[in-house]
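Novice: Given chain A's structure and the hints, the job is docking chains B and C onto it.
Residue numbers (our numbering), protein chains in the order written: chain A, 1 to 242; chain B, 1 to 250; chain C, 1 to 646.
A portion of the hints provided could be inaccurate.
Unchecked claim - Here are the simulated lysine-lysine pairs, BS3-like style, with alpha carbons at most 27 Å apart:
1. C:K221 to B:K18
2. B:K147 to C:K221
3. B:K25 to C:K504
4. C:K307 to C:K321
5. B:K170 to A:K215
6. B:K13 to A:K108
7. B:K6 to B:K18
8. B:K11 to C:K221
9. C:K502 to B:K11
10. B:K11 to C:K504
Claimed, not checked - From chain C, some residues computed to sit far from chain B (all C-beta separations above 12 Å):
11. L31
12. V34
13. R153
14. Q248
15. K307
16. L336
17. D369
18. Y420
19. G473
20. D622
21. S624
Calculated from the structure, these hints are not laboratory results. For every residue, glycine included, the Cβ atom is placed at its ideal position computed from N, Cα and C.
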Amino acid sequence: MEDVSQPSPGISKVVSRMHGSTIGQKALMAVSGVLLIAFSFGHMAGHLQMFVGPEPYNAYAHFLQSLGGIKWAIRFGLVALTILHIFSAFQLTMRNRAARPIAYASNKWLAASIGAKTMRASGGIVLFFILYHILHFTVLLVGTAGFPPEDTYKLANGLMVDDVYRRMVISFQNPALALGYVFGVGLLALHLSHGIQSALQTLGALNSTYRPLVKRVGPALAGLLFAGFASVPLAVLTGCIK
Amino acid sequence: MNLTLKIWRQKDKATPGKFETYEAKDISPDMSFLEMLDVVSERAQAQGQEPCAFDHDCREGICGMCSLVINGVPHGPEAATTTCQLHMRKFKDGDNIVIEPWRASAFPVLRDLVVDRTAFDRIQQKGGFVSVNTGGTPDGNAIPVSKLEADLAMDAASCIGCGACVAACKNASAMLFVAAKVSQYAHLPQGQAERSRRVLAMMEQHDVEGFGSCTNFGECEAVCPKEISVRVIAEMNRDYLRATLVGTDP
Amino acid sequence: MSISLDSKTHLDAKTPGGPLAQQWDKHKFDLKLVNPANKRKFKVIVVGTGLAGGSAAASLAELGYDVHAFAFQDSPRRAHSIAAQGGINAAKNYQNDGDSVYRLFYDTIKGGDYRARESNVYRLAQVSTSIIDQCVAQGVPFAREYGGTLSNRSFGGAQVSRTFYARGQTGQQLLLGAYSALSRQIGLGTVKMHNRSEMLDLVMVNGHARGIVTRDLVSGKIETWAADAVVLATGGYGNVFFLSTNAQGCNVTATWRAHKRGALFANPCYTQIHPTCIPVSGDHQSKLTLMSESLRNDGRVWVPKDKADVGKDPRQIPEEKRDYYLERIYPSFGNLVPRDIASRAAKRMCDEGRGVGPGGLGVYLDFGDAIKRIGKAAVADRYGNLFEMYQRITDESPYEVPMRIYPAVHYSMGGLWVDYNLMSNLPGLHVIGEANFSDHGANRLGASALMQGLADGYFVLPYTIGNYLATSGQKKVTGDEPEFKAAADDVRKRVSTLLGIKGKRSPTSFHRELGKLLWDNCGMARNAKGLQEALDRIPSLREEFWGNLNVLGDGDSYNVALEKAGRVADFMEFGELLCRDALEREESCGGHFREEYQSEAGEAERNDEKFTYVAAWNYTGDVSKPELVKEPLIFEEVHPSTRSYK
Numbered sequence: 001m002e003d004v005s006q007p008s009p010g011i012s013k014v015v016s017r018m019h020g021s022t023i024g025q026k027a028l029m030a031v032s033g034v035l036l037i038a039f040s041f042g043h044m045a046g047h048l049q050m051f052v053g054p055e056p057y058n059a060y061a062h063f064l065q066s067l068g069g070i071k072w073a074i075r076f077g078l079v080a081l082t083i084l085h086i087f088s089a090f091q092l093t094m095r096n097r098a099a100r101p102i103a104y105a106s107n108k109w110l111a112a113s114i115g116a117k118t119m120r121a122s123g124g125i126v127l128f129f130i131l132y133h134i135l136h137f138t139v140l141l142v143g144t145a146g147f148p149p150e151d152t153y154k155l156a157n158g159l160m161v162d163d164v165y166r167r168m169v170i171s172f173q174n175p176a177l178a179l180g181y182v183f184g185v186g187l188l189a190l191h192l193s194h195g196i197q198s199a200l201q202t203l204g205a206l207n208s209t210y211r212p213l214v215k216r217v218g219p220a221l222a223g224l225l226f227a228g229f230a231s232v233p234l235a236v237l238t239g240c241i242k
Numbered sequence: 001m002n003l004t005l006k007i008w009r010q011k012d013k014a015t016p017g018k019f020e021t022y023e024a025k026d027i028s029p030d031m032s033f034l035e036m037l038d039v040v041s042e043r044a045q046a047q048g049q050e051p052c053a054f055d056h057d058c059r060e061g062i063c064g065m066c067s068l069v070i071n072g073v074p075h076g077p078e079a080a081t082t083t084c085q086l087h088m089r090k091f092k093d094g095d096n097i098v099i100e101p102w103r104a105s106a107f108p109v110l111r112d113l114v115v116d117r118t119a120f121d122r123i124q125q126k127g128g129f130v131s132v133n134t135g136g137t138p139d140g141n142a143i144p145v146s147k148l149e150a151d152l153a154m155d156a157a158s159c160i161g162c163g164a165c166v167a168a169c170k171n172a173s174a175m176l177f178v179a180a181k182v183s184q185y186a187h188l189p190q191g192q193a194e195r196s197r198r199v200l201a202m203m204e205q206h207d208v209e210g211f212g213s214c215t216n217f218g219e220c221e222a223v224c225p226k227e228i229s230v231r232v233i234a235e236m237n238r239d240y241l242r243a244t245l246v247g248t249d250p
Numbered sequence: 001m002s003i004s005l006d007s008k009t010h011l012d013a014k015t016p017g018g019p020l021a022q023q024w025d026k027h028k029f030d031l032k033l034v035n036p037a038n039k040r041k042f043k044v045i046v047v048g049t050g051l052a053g054g055s056a057a058a059s060l061a062e063l064g065y066d067v068h069a070f071a072f073q074d075s076p077r078r079a080h081s082i083a084a085q086g087g088i089n090a091a092k093n094y095q096n097d098g099d100s101v102y103r104l105f106y107d108t109i110k111g112g113d114y115r116a117r118e119s120n121v122y123r124l125a126q127v128s129t130s131i132i133d134q135c136v137a138q139g140v141p142f143a144r145e146y147g148g149t150l151s152n153r154s155f156g157g158a159q160v161s162r163t164f165y166a167r168g169q170t171g172q173q174l175l176l177g178a179y180s181a182l183s184r185q186i187g188l189g190t191v192k193m194h195n196r197s198e199m200l201d202l203v204m205v206n207g208h209a210r211g212i213v214t215r216d217l218v219s220g221k222i223e224t225w226a227a228d229a230v231v232l233a234t235g236g237y238g239n240v241f242f243l244s245t246n247a248q249g250c251n252v253t254a255t256w257r258a259h260k261r262g263a264l265f266a267n268p269c270y271t272q273i274h275p276t277c278i279p280v281s282g283d284h285q286s287k288l289t290l291m292s293e294s295l296r297n298d299g300r301v302w303v304p305k306d307k308a309d310v311g312k313d314p315r316q317i318p319e320e321k322r323d324y325y326l327e328r329i330y331p332s333f334g335n336l337v338p339r340d341i342a343s344r345a346a347k348r349m350c351d352e353g354r355g356v357g358p359g360g361l362g363v364y365l366d367f368g369d370a371i372k373r374i375g376k377a378a379v380a381d382r383y384g385n386l387f388e389m390y391q392r393i394t395d396e397s398p399y400e401v402p403m404r405i406y407p408a409v410h411y412s413m414g415g416l417w418v419d420y421n422l423m424s425n426l427p428g429l430h431v432i433g434e435a436n437f438s439d440h441g442a443n444r445l446g447a448s449a450l451m452q453g454l455a456d457g458y459f460v461l462p463y464t465i466g467n468y469l470a471t472s473g474q475k476k477v478t479g480d481e482p483e484f485k486a487a488a489d490d491v492r493k494r495v496s497t498l499l500g501i502k503g504k505r506s507p508t509s510f511h512r513e514l515g516k517l518l519w520d521n522c523g524m525a526r527n528a529k530g531l532q533e534a535l536d537r538i539p540s541l542r543e544e545f546w547g548n549l550n551v552l553g554d555g556d557s558y559n560v561a562l563e564k565a566g567r568v569a570d571f572m573e574f575g576e577l578l579c580r581d582a583l584e585r586e587e588s589c590g591g592h593f594r595e596e597y598q599s600e601a602g603e604a605e606r607n608d609e610k611f612t613y614v615a616a617w618n619y620t621g622d623v624s625k626p627e628l629v630k631e632p633l634i635f636e637e638v639h640p641s642t643r644s645y646k
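The shape of chain A in the complex, shown without the other chains:
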């Protein structure tokens, strides 16, 4: 047996083991996933300010825009995490396909949840959803029909800022966009209903005491995220937010 219990494994060994082993890759996927989930919750919390009104929401949006270098660091980080997440998934998928070259003629699931069985599909669609979302609200390249040319908003302190609130309302008054978003975050929630507990299991956070709890917490958190994200377009669509 290779002597692997040296006091310090060395950074190159750590990297090669994380990148080169099934558990390592899965852990990279889990860590990137957990960080992306954390971002999603922050993002959702920001969105919920839509219910308070244009003033706080636009102020919040302006604050984010004004972060400058930090903003770009976060954006860069998110892209990197997403690439890492997808790359690990891709590598593991290739490996897993090779592990079972001949499929069963008859196959029956006993334990896997819907979220688990649809991970790859939901993940793929969520990726396209996010790309669209960025092109829509960040880059303002698609779905901008109806956006006013002069979309500024005057904050209470007199500062003129982007009227992001207005763009949200206009967008989600379009039923196709609103329902599209609900569908997108629905798939995200489906992805996370398995993803959260899977990540915790992969990172070894589940022991026998907490496992039953976490098995419920995963889907619950996913549901919470869905409720938070979906509430905004639905509120706009039903006229609760104008």
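Specialist: Then chains B and C, alone, in the frame of chain A:
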């Protein structure tokens, strides 16, 4: 009862296999699944057909030799039961039953329903032991082990090495098998000295053998005839990551 | 093939002599050692990788020998040792209940009905304590008390708690411990493991055992292997009865082939019948399932007093119409009498027509009182797994309906004859575990098989084989000698003969017929007339086998029918020796019960004057005319008395 069986037949490792259909007539519900196959094989032999090969030995659910994916489920429809202890009363008259070997690139088919599971042995050989020679060991009661830890170790140690976890996993991952061994030793004082090197070495071999990765679906746990919990996988992941990042045996 | 014995009537067991308690220590000192640097030059073949073979292969490799291990299963972890449920005895006296090496020795000698060799049994009791230490160090998860110490229970016929256990899977955990030690050595390259490889002959060169012939069960390739010594750890022959608690693959082939090359087969008639098995349900049955006899700790065994009640629902039979016959006949041991006594009592009840279940071959094991006394939860805690297993097989819940049990063939005390060094009469051929005859006499106590297998493999053979290797003075063999070629040719011829018969009957059908013949005439109770009948019928069955066997396929591939045919062919010959030995031994002792030799109360009657010897059979070239060689048993420490459990 009368049944229709679709059984995978394959001459050897190199020859592609295919399904063949057999009529199993007048089967007693008190037969075990393997006894049913015995009867079908005996009848086929009398007609000049070579009997279908399948692995089996103890026929009491402990040796881990029997296998078979029965209608899409390793070891068949009854929970916590090996194929040898599955009884025909769990089926209905007129049922169609599809019988396939474990399917994984790390478990090549040797003949019909017999697969080569020596990959498990090779994983064990990398670290599934405490490095202690015969003789010179301290008194059995010298190191107390709490009942709780001993029980957790025993839960994991009850693995029979049948490979149903691999067969059920959509990725043909052997994580439950490896983790059961790793967890057994992790819960015992005797296993601590080699804890890090054990998990790293065994998992390295797991990957070398071509098993897939764990996706935490829990199918392995659902088919495990000894009901080993995926708790052991979480424990192994933790040990693996700690060993990777810190590298020292505790 | 001819062997020279020092004396035809006095086989020399090479026991060290002197006070019993000091024999092993003295002997270890007297044994010649192999220089550490020279050990790797000695190649040892170990056939079988169960408790005995696995532990021996690992221990020999640790010492530095070049070990080749062989198993017919796909992995050493599958050996049938794995199925032992109850536990392993050791004279640790952790419970402070008066246990000692001497008491374990005494119990084993008495339990064996005074037909075992004192020196071997004493050594077994001595090393028993080291086994527990060894297994704990390997990480075997024995049951523990809350304080962290090892837990014990009392088991089958012992009045002290000396049985260590790991739930109901002690054999599994001990085997996996030995397997882990073996795996470590395979990983280190000191053991070369040959899976799915069946030994089909022994190779003798210059009167010494120097190699084996194997068939690769996947490719069909016949190969020869040369070595400096051969160790057989190939288990017992219980499957000669077709239905037994043994695994399907258990067979007599390795030991029988060695016998035909000159090794003496000792006491084949000592077969153990286990009292608590699930009764036969039909003709399709391929094996009998044993349930741990720990069930008898809380279950009460009974049959209806009245024959008329046997068909009734047992719950409808009132207390006063039940005969708790073990408690009635053996008031001091009750339901915990040794296996042979419990088994025969069950048979007697069934012979009286009071048996229950299909064919009247079963007695009740009732947990009704235990559930009333300690509650269903406590019963489930102790026996839940066994109850589930029972329900899976019979579709009845023991919580509601009494279990039905019946005895089944379980263990073979007989085996190849070995001396104190565990070497057979063939120099270089060592035999360990259930495959030898050495320690259990005419009856084995519960939880002693695991003890013996590991004692032989970990703590006896590694010492004694060194003595042989250091003193044998044999030239190296390469496998190119004519003896190897001749043995391989014999095996090839045999394989092609089996394939060439092209008759009508399958190997299994012959096996089933032979098994029934033996069970009926040489099973739980035997008599001269039945044995003679079996001896008359076996040769003709054998003749039919060689004339009407049907094995399809070829010899160059995976062929399950061919494997089976080879094993049945050997059972056909061995079965005859079993009956002959049973006929020759005109007494009842342990697992061997001759109906002519019983007391009025139906208890076994030994004949110490005539039969205090080991019956070792020598193959003469004619299976039907073996020659009897005796090893007299001398009891210096324990004086044979009538076993009484009343």
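Novice: Work down the list of hints and note, for each, if the structure agrees.
Specialist: Each hint, compared with the structure:
1. A hinted pair counts as satisfied when its Cα atoms are at most 27 Å apart, and K221 (chain C) with K18 (chain B) qualifies at roughly 26 Å.
2. Restraint check: the Cα-Cα separation between K147 (chain B) and K221 (chain C) comes to about 49 Å, which exceeds 27 Å; the hinted pair is violated.
3. For a cut-off of 27 Å, the pair hint linking K25 (chain B) to K504 (chain C) stands: about 21 Å separates their Cα positions.
4. Our distance criterion of 27 Å between C-alpha atoms is met by K307 (chain C) and K321 (chain C), whose separation comes to about 10 Å.
5. In summary, the hint linking K170 (chain B) to K215 (chain A) is supported, as the alpha carbons are separated by about 20 Å, within the 27 Å threshold.
6. Proximity of K13 (chain B) to K108 (chain A) is assessed by CA-CA distance (about 26 Å); at most 27 Å being required, the pair is judged to hold.
7. In summary, the hint linking K6 (chain B) to K18 (chain B) is supported, as the alpha carbons are separated by about 10 Å, within the 27 Å threshold.
8. For the given pair, K11 (chain B) sits about 16 Å from K221 (chain C) by alpha-carbon distance, which is consistent with the 27 Å threshold.
9. A hinted pair counts as satisfied when its Cα atoms are at most 27 Å apart, and K502 (chain C) with K11 (chain B) qualifies at roughly 21 Å.
10. Proposed proximity of K11 (chain B) and K504 (chain C) is supported: the alpha carbons are some 24 Å apart, at most 27 Å.
11. Every C-beta of chain B lies more than 12 Å from that of L31 (chain C), the closest at about 15 Å, which supports listing it as non-interface.
12. V34 (chain C), annotated as away from the interface, keeps every beta carbon of chain B farther than 12 Å; the closest lies near 16 Å.
13. The Cβ of R153 (chain C) sits about 15 Å from the closest Cβ of chain B, beyond the 12 Å cut-off, so the non-interface label holds.
14. A cut-off of 12 Å between C-beta atoms contradicts the statement that Q248 (chain C) is not in contact with chain B; the least separation is 6 Å.
15. No beta-carbon of chain B is positioned within 12 Å of the beta-carbon of K307 (chain C); the least distance is around 26 Å.
16. With 12 Å as the threshold on Cβ separation, the claim that L336 (chain C) sits away from chain B holds: the shortest Cβ distance comes to roughly 24 Å.
17. The claim that D369 (chain C) is not at the interface with chain B holds, since no C-beta of that chain comes within 12 Å of its own (minimum 28 Å).
18. No beta-carbon of chain B comes within 12 Å of the beta-carbon of Y420 (chain C); the shortest separation is about 20 Å.
19. Its beta-carbon lying about 27 Å from the closest one in chain B, G473 (chain C) satisfies the requirement of being farther than 12 Å from that chain.
20. At roughly 32 Å from the closest C-beta of chain B, the C-beta of D622 (chain C) stays outside 12 Å, upholding its exclusion from the interface.
21. The beta carbon of S624 (chain C) sits about 30 Å from the closest Cβ of chain B, which is more than 12 Å, so the claim that it is off the interface holds.
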